[in-house]
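Novice: Chains as they are written, first to last, in the working numbering: chain A, 1 to 663; chain B, 1 to 663.
Please note that a few of the clues may not be correct.
[Claimed, not checked] Pairwise CB distance ranges (calculated):
| hint | chain 1 | residue 1 | chain 2 | residue 2 | range |
| --- | --- | --- | --- | --- | --- |
| 1 | A | LYS660 | B | GLU635 | 21 to 27 Å |
| 2 | B | ARG9 | A | ASP165 | 31 to 37 Å |
| 3 | A | PRO646 | B | PRO602 | 56 to 62 Å |
| 4 | A | GLY453 | B | ARG9 | 50 to 56 Å |
Quick caveat, the hints were computed from the structure, so don't treat them as lab data. In this text the structure is predicted, and so the values were computed from the model without any measurement. All C-beta atoms in this analysis are idealised placements derived from N, C-alpha and C, irrespective of residue type, glycine included.
One letter stands for each residue in the lines below.
Number of protein chains: 2
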Amino acid sequence: MNEDLRRERERCTFNPQELTHLLDGGKEKTEERKQREKFFLEDPELKYTTPPEYLSHKEKYEEGLKKACIIFKKVQELQAEGKGGMENFREILGGQLGSAVLKDGNPLTLHYVMFIPTLMGQGTIEQQAHWISRAWNLEIIGTYAQTELGHGTFIRGLETTATYDPKTEEFVLNSPTLTSYKWWPGGLGHSANYAIVVAQLYTNGKCHGIHPFVVQLRDEETHQPLPGIIIGEIGCKLGMNATNNGYLGFKNVRVPREQMLMKNNKVMPDGSYIKAPSSKLTYGTMIFVRVAIVQDAGRYLRKAATIATRYSAVRHQSQIKEGAPEPQIIDFVTQQFKIFPQLASAFAFHFAGSWLWDMYNNVTSELETGKLDRLPELHAIACCLKAVSSADAAKGIEILRLACGGHGYMACSNLPITYGLVTAMETYEGENTVLYLQTARFLVKSWQSAHNGGQLQPTVQYLRDLMKNGNIRFEKNVPWAIQALKKVAYGKIDLAIRHLNERTKKGMEYDYAWNETSLELTVASEAHCRAFIVETFYNLVVEAVKNTSPQLGKVLLDLCDLYAVNTLLRNYGDLLRFAGMSSNDLEVIQTWLEELLKTIRPNAVGIVDGFDIHDDILSSPLGAFDGNVYERLFEEAQKSPLNKVPVNESFAKYLKPLLKSNL
Amino acid sequence: MNEDLRRERERCTFNPQELTHLLDGGKEKTEERKQREKFFLEDPELKYTTPPEYLSHKEKYEEGLKKACIIFKKVQELQAEGKGGMENFREILGGQLGSAVLKDGNPLTLHYVMFIPTLMGQGTIEQQAHWISRAWNLEIIGTYAQTELGHGTFIRGLETTATYDPKTEEFVLNSPTLTSYKWWPGGLGHSANYAIVVAQLYTNGKCHGIHPFVVQLRDEETHQPLPGIIIGEIGCKLGMNATNNGYLGFKNVRVPREQMLMKNNKVMPDGSYIKAPSSKLTYGTMIFVRVAIVQDAGRYLRKAATIATRYSAVRHQSQIKEGAPEPQIIDFVTQQFKIFPQLASAFAFHFAGSWLWDMYNNVTSELETGKLDRLPELHAIACCLKAVSSADAAKGIEILRLACGGHGYMACSNLPITYGLVTAMETYEGENTVLYLQTARFLVKSWQSAHNGGQLQPTVQYLRDLMKNGNIRFEKNVPWAIQALKKVAYGKIDLAIRHLNERTKKGMEYDYAWNETSLELTVASEAHCRAFIVETFYNLVVEAVKNTSPQLGKVLLDLCDLYAVNTLLRNYGDLLRFAGMSSNDLEVIQTWLEELLKTIRPNAVGIVDGFDIHDDILSSPLGAFDGNVYERLFEEAQKSPLNKVPVNESFAKYLKPLLKSNL
């Protein structure tokens with residue numbers, strides 16, 4: 001083991017294993033995770049012979065499909081052993097483990113993640129019996145085709161049509177324009193043979209909006225596209241190049257009436273349309289995915305922070321004092337400030353994610369009893385948490401990559417590909433700005449309730465409290481920080497609403513006034529979310545600390561402090577403006593920050609050790625547990641196919657003729 | 001042409017061509033550029049048959065080397081025609097044009113960019129006669145090998161040794177450790193056959209620090225590595241995968257005494273060492289590269305902003321008013337706020353870059369007359385400008401990419417690869433944090449001069465002015481903004497120095513106190529730079545406007561206003577804290593921002609048209625001049641090798657056996 005890391009581990013003040021158990025949710029969960037990791041990571045068929053970045057796009061896909069098939073086989077084995085739980089699915093299809101085994105994405109993931117869940121959520125009992133059993137048995141492979149070339153965010157604008165023909169009792173699917181082609185669905189290109197297709201339903205000459213249809217795309221034996229199906233992949237992307245995102249057009253593709261998913265709305269044989277009483281029930285899956293994003297954001301941040309922390313402990317460079325030996329770069333305060341706040345964010349998203357997961361479960365079980373009233377709040381908080389966590393994680397990973405200097409730019413550092421995965425989260429499942437504005441709608445309504453004496457849900461209760469409340473006095477602790485951040489959120493919401501009202505009073509229509517005020521609404525929504533995260537982090541840490549050793553408890557509280565301080569300082573103008581702070585208070589906070597960096601410094605390696613990320617998941621010469629950074633970097637370079645021969649054939653073909661042409 | 005773009009062009013209030021000439025530096029320069037573009041872009045041998053992102057790493061290199069050879073041939077043709085000027089070299093080796101012809105970088109660039117310039121700067125007349133003529137004639141291909149696996153930033157710490165052996169009058173080169181291996185030099189892997197190697201010089205048992213040596217790496221006929229040379233490429237990276245960055249180790253490699261570059265320091269045949277009187281003269285190249293980075297940062301931002309602006313004018317999505325047709329997304333204020341500030345930044349870096357270029361030329365011609373006194377100022381401003389422009393451009397490109405939603409994530413949008421090029425600038429040629437701290441050293445000295453009545457150079461003159469000066473009254477114009485930003489810079493420098501002094505007064509050694517205060521020093525340095533950029537932008541625009549049409553003048557002033565306002569708002573807390581602003585003033589600035597977005601909106605497409613970036617350089621279906629976004633996206637997808645056959649062979653190999661195994 002590297003000498004610096006050994007020393008770091010000796011001076012750590014707490015037991016990293018205790019942290020591991022806390023994050024996993026208990027010792028047994030840690031064991032389960034390790035077994036799952038062993039089961040997948042030690043399978044020789046799932047190891048890369050050549051790192052995927054060296055492969056051509058076509059080879060990446062083929063390697064991806066091969067491994068995806070092996071993974072599915074292994075998932076079936078686990079099911080047979082009674083280990084088919086959610087955790088296993090989530091981890092291997094979308095989580096850390098999945099992204100280690102298939103670094104560039106899995107072309108079959110949507111089968112389990114979207115195809116089966118949609119059948120479950122929107123199919124009738126008969127449809128479920130037929131399709132889910134086929135899908136579960138892996139007789140067919142499905143995907144979910146909603147997004148089109150011309151429409152992503154605004155799904156009401158989708159253009160694909162499904163027109164009912166009562167004569168044959170079939171729907172006829174068509175792509176009336178180029179922009180109506182399905183575009184983006186994972187696995188659609190060359191992998192899936194079925195899809196749930198979302199299309200505008202027409203029956204008896206009337207459009208009833210978008211509905212889901214099960215459509216066969218390819219022959220089950222030959223995999224040839226069926227007649228009228230125009231299909232392929234959309235091409236290379238910033239990341240996830242093995243996911244085989246596809247396009248799909250329809251030319252009079254006929255689908256039996258039974259293949260519209262009819263749990264909610266129905267089309268009868270004669271073409272008459274029966275609307276379901278409520279359609280809010282389809283909300284669940286969407287929110288579920290956003291919960292998963294908050295958790296994943298934290299997990300990917302842990303991974304990147306582990307790499308950067310260990311590298312910074314091993315790397316020596318430059319001088320703090322002229323003539324002294326080169327220090328570990330983690331001793332530069334500027335380096336600490338790049339890394340430690342990301343560590344703290346990883347914890348913040350962990351705790352916010354588990355809070356959200358609990359709320360999601362509570363609300364969905366309430367839903368089943370017909371209680372809908374916490375749904376808007378869940379939706380609002382999930383929207384902004386998804387936006388903040390994906391954006392902060394993506395930015396954080398880039399800060400960590402840049403903190404590793406040139407070596408962070410190498411593909412083998414695993415930081416570029418991690419960024420590719422995480423930045424995608426900023427766009428999919430609701431583009432972040434759109435989501436902030438969704439939360440803002442809820443905040444504006446809640447602000448109005450607060451002022452009109454209406455009911456307020458827990459996460460916005462502070463709008464009423466602060467309405468009455470005067471100034472708060474600065475204190476150097478997190479409870480004060482939470483109050484200050486709530487003051488900021490209140491102030492921003494208040495200001496945005498004032499400007500919104502000024503515009504409507506001048507005669508502007510509300511919708512246009514909304515657009516004109518949208519910059520302020522967006523930042524108000526973000527401020528609300530940041531106050532919420534600090535509060536949740538703090539509350540759950542205070543709770544957790546009751547059951548930890550004092551040593552680990554101290555570390556958790558330090559990280560929570562750092563997260564709060566960093567949140568305060570990132571937009572400190574807000575504190576001056578809305579929370580009555582002074583310039584002197586800011587100096588105290590700056591000192592607080594500098595003290596916290598110093599406090600966390602000796603435990604930094606211990607904290608990332610506590611994340612307990614398997615070397616094969618880190619998959620980075622910079623971040624391996626043994627700290628043999630340079631040996632590993634050198635070994636990695638030897639894997640380049642270009643290094644297999646001393647002289648590349650292009651020398652004789654191109655370079656030599658050029659060099660000799662001038663003699 | 002797309003109907004929306006046609007309408008945008010009609011409503012534009014100025015003539016984009018006038019802007020083109022302004023940015024190019026005159027009509028003739030525009031013509032020259034267009035000719036140069038034609039000469040390279042229309043060469044069928046330089047076109048991509050398959051987009052490079054689909055190729056394997058090895059194929060990317062081979063394609064890169066092939067094209068690099070064609071480019072060098074063409075450069076020689078230009079030279080023969082007397083067109084071998086700097087502009088041509090810069091544009092085709094490193095600039096926009098180069099990054100269009102070779103999207104993934106050029107494996108031979110360092111030959112012209114570092115190998116020849118180092119020979120020119122550090123070789124004796126005899127050395128120049130011999131090596132430059134061979135290099136210029138393309139008899140040999142060189143690179144520049146300085147950075148090692150263990151050292152980048154701190155070059156005094158390089159470990160490669162060159163030990164003089166007076167018996168044979170040779171230097172013996174060795175790599176005493178793994179970390180001493182050269183790592184990163186472009187073209188080193190398999191392309192160059194010579195390199196300037198920077199090594200610690202030992203003679204007569206004494207180390208004299210780092211010196212440059214010309215070292216042959218490969219046989220000129222066979223390209224086989226010479227004995228004792230351990231060489232290869234370092235592997236895949238986030239971007240620039242055709243640049244063939246390499247590693248290099250030495251085992252007793254002997255180099256004749258004449259191959260140490262001896263324009264400055266010398267080793268005599270008997271091994272005695274003669275030190276040059278001054279070594280500041282090698283500074284120039286380093287600063288030159290930083291000037292180029294500031295200019296390139298602006299150019300890449302123009303490219304990304306062109307893509308995002310045109311796409312946002314063509315894309316329709318969602319609703320501003322319920323029930324109304326879907327608007328162009330550029331009509332959402334949140335979208336304008338993502339795009340227009342990047343347009344403004346592109347101009348800011350253009351003007352800051354040309355100011356810096358002029359200063360660089362002035363200072364280097366002063367240097368030749370032995371006048372060194374403006375060198376520290378040039379160094380200080382080049383450091384922070386390189387840091388701010390590279391960081392802002394990289395962030396800006398990501399904002400623009402995300403503003404294009406999912407389609408921005410596609411490789412063919414050309415935004416991911418552009419980010420890959422630009423984010424590298426944040427690290428190479430001086431890591432940004434290190435550079436900020438270099439500028440801070442100059443600022444601290446200047447602050448002390450200001451307080452001690454010493455001499456102050458022009459860019460820090462304000463430190464004295466503001467020392468005496470009281471508060472300033474808010475006005476809604478750029479000259480006020482410049483004053484306010486200088487107040488901020490002054491306040492931050494002042495605060496950092498206060499904390500630095502407090503630490504030393506408590507007995508901390510200055511070097512440690514520097515490290516402890518480095519967070520505040522870094523932001524002080526950035527604040528200084530931002531005030532400088534706004535001022536330079538404003539001064540040069542006011543100058544430029546004297547010679548433009550009033551219409552274009554208005555646009556330039558609008559963009560300058562927007563840049564200033566955006567700079568004010570990004571850290572508005574600083575204004576409250578250091579520039580005596582009130583919360584009410586902030587509301588006025590927010591309104592100013594919103595007004596500016598509205599003012600610029602009708603000219604946005606005109607402005608990017610004025611950038612006049614050739615479709616083949618944009619190389620993006622989202623950004624092409626005709627706006628046929630969807631048709632082009634669809635065509636691009638057809639270029640994927642995976643789309644050549646309807647059923648990929650992996651179906652039969654992997655997927656079918658899986659699907660049939662459960663029947």
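Novice: With respect to the beta-carbon atoms only, verify the hint that GLY453 of chain A and ARG9 of chain B lie 50 to 56 Å apart.
Specialist: holds (54 Å)
Novice: Take a look at whether the Cβ-Cβ distance between PRO646 of chain A and PRO602 of chain B falls inside 56 to 62 Å.
Specialist: holds (60 Å)
Novice: Return holds or violated for the Cβ distance of ARG9 of chain B and ASP165 of chain A against the range 31 to 37 Å.
Specialist: violated (45 Å)
Novice: Between LYS660 of chain A and GLU635 of chain B, is the Cβ distance one that fits in 21 to 27 Å?
Specialist: violated (40 Å)
In terms of the numbered hints stated before, the structure departs from hints 1 and 2, listed from lowest to highest.
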